[in-house]
Amino acid sequence: MHVIKQLRRELFGIAIDGRPGRLEDVFPAWHPHDRLGIIVVEPFGAVGASHLMQLAMVAYYEARQSRRDELAQYPEVYVFHVNGRFGDFSAYDMWPARKEVFVSGGPQQVLDALNDRAITRVAVPDRPPVAAALHVKDVNSAVDRMTDAFLYSPVGDVVDGDISICGRDGRSEANVTLTLDRETVLRTVGGERETGRRAAAGGRATPSPKENDAEWLARRRARLDEVDASVRLALTLRRRSAQRRGAVCETYRRVDLMRGLAGLHRA
Numbered sequence: 039m040h041v042i043k044q045l046r047r048e049l050f051g052i053a054i055d056g057r058p059g060r061l062e063d064v065f066p067a068w069h070p071h072d073r074l075g076i077i078v079v080e081p082f083g084a085v086g087a088s089h090l091m092q093l094a095m096v097a098y099y100e101a102r103q104s105r106r107d108e109l110a111q112y113p114e115v116y117v118f119h120v121n122g123r124f125g126d127f128s129a130y131d132m133w134p135a136r137k138e139v140f141v142s143g144g145p146q147q148v149l150d151a152l153n154d155r156a157i158t159r160v161a162v163p164d165r166p167p168v169a170a171a172l173h174v175k176d177v178n179s180a181v182d183r184m185t186d187a188f189l190y191s192p193v194g195d196v197v198d199g200d201i202s203i204c205g206r207d208g209r210s211e212a213n214v215t216l217t218l219d220r221e222t223v224l225r226t227v228g229g230e231r232e233t234g235r236r237a238a239a240g241g242r243a244t245p246s247p248k249e250n251d252a253e254w255l256a257r258r259r260a261r262l263d264e265v266d267a268s269v270r271l272a273l274t275l276r277r278r279s280a281q282r283r284g285a286v287c288e289t290y291r292r293v294d295l296m297r298g299l300a301g302l303h304r305a
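In terms of the numbering used here, the sequence shown opens at residue 39 and continues consecutively.
Among the hints, erroneous ones may be present.
What the hints assert, rightly or not - Derived SDA-like pairs (lysine to any residue); straight-line CA-CA distance at most 20 Å:
id : residue 1 : residue 2
1  : Lys43     : Arg206
2  : Lys248    : Gly122
3  : Lys137    : Gly122
4  : Lys137    : Asp154
5  : Lys43     : Ala285
6  : Lys137    : Ala285
If you're looking for bench data, these hints aren't it; they were derived computationally from the structure.
A quick note: this is a predicted structure, and the numbers were derived from the prediction, not measured.
From just these sequences and the hints, can you work out the full model?
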């Protein structure tokens, strides 16, 4: 549950159409029941939307301060893996495991999954749109509830992006490293187990709920090789090459909801 303390709006610089912006410009009128959903169709594709996900987490906690303390909880941000298993995102505090949704089928099944989880803002990969045969009532339900749709790129930079979110220092990349770097993941899993043992023995260390969760530790290790190590390494190097002073700028394009729904296809 580290993002409660880790993420603050001050970590990110925002520009809208080239002009300085604020969190409220990215997520207008964010309310306590908003939920962001990220559609993923390739290995660790959502890494390219890291800042959007993390900014949504900031908005989630700012909506109700109690979520950071007496009602501490994980943010309502979801990753939807479409027709594949594309890597473990639990390092972003996508937990419990239900926050990562594995969808088999076509656009209708993806739309069903979004509706089932009452997603209110959605980010889809920037690809040519496909007109799918979606059930009208399901589309109506989504349009009635959703307020924002964004296009993102797995590399972090979309064509004709109108939203820029830049990390202001290396802290904005911490969850990316915990997700992509295999050796860091292994050290994290081993380290958290040791932390849990020390805590149980009366030591000073106090593990956070997720990291002391046997289910999380087992899933983290089991999913370690879900994406080939060579792919993981290539993505790590690509992300590092985009860094300036340890941080990365990502761009997004806001689109209307129907354009967003036209991006729910797998390929």
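Now for the hints, and whether the structure bears them out:
no.: 1; hint: Lys43 - Arg206; in the structure: holds (16 Å)
no.: 2; hint: Lys248 - Gly122; in the structure: violated (25 Å)
no.: 3; hint: Lys137 - Gly122; in the structure: holds (16 Å)
no.: 4; hint: Lys137 - Asp154; in the structure: holds (12 Å)
no.: 5; hint: Lys43 - Ala285; in the structure: holds (19 Å)
no.: 6; hint: Lys137 - Ala285; in the structure: violated (26 Å)
The structure fails to meet hints 2 and 6 from the earlier list, while all remaining hints are met.
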